[in-house]
Amino acid sequence: MHVKRRLRRDGTPCAVNLWHQYLMEAYWSEAWTWQQGCDATCIGYVSDEALYAESTPRPRLKDFMVRLSVEWQDRGAVA
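Position 63 of the sequence shown, counting from 1, maps to 63 under the working numbering, and the rest follow consecutively.
Take these hints with a grain of salt, some might be off.
[Claimed, not checked] Distance windows between CB atoms, simulated: (1) Gln21 with Asp63: 14 to 20 Å; (2) Cys14 with Glu71: 21 to 27 Å; (3) Ser47 with Met24: 36 to 42 Å; (4) Trp28 with Glu54: 21 to 27 Å.
[Unchecked claim] Computed list of lysine to aspartate or glutamate pairs in EDC-like fashion (alpha-carbon distance at most 20 Å, straight line): (5) Lys62 with Glu30; (6) Lys62 with Asp74; (7) Lys62 with Glu25.
I should point out that these hints are in silico values taken from the structure, not numbers from a laboratory. Every residue, glycine too, gets a C-beta built ideally from N, C-alpha and C.
Please model the entire structure based on the sequences and the hints provided.
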């Protein structure tokens, strides 16, 4: 997934945030996999999607932030 770099007010690009890229790539990959499984199981009905979400919970960004922050620190990427 390519992330568009944000620009500062003066038009220069912001520094790349490797943690944010790592986190979002992992999260969006898992969210996409969940959505594909939901679409394959359900035929687009809201009630079917709710039942699917009960049996297979959606990935939550908070869970990824907590889990990956520990992994990120263990890798030595944080000073």
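List in ascending order the numbers of the hints, as given earlier, that are violated by the structure.
3
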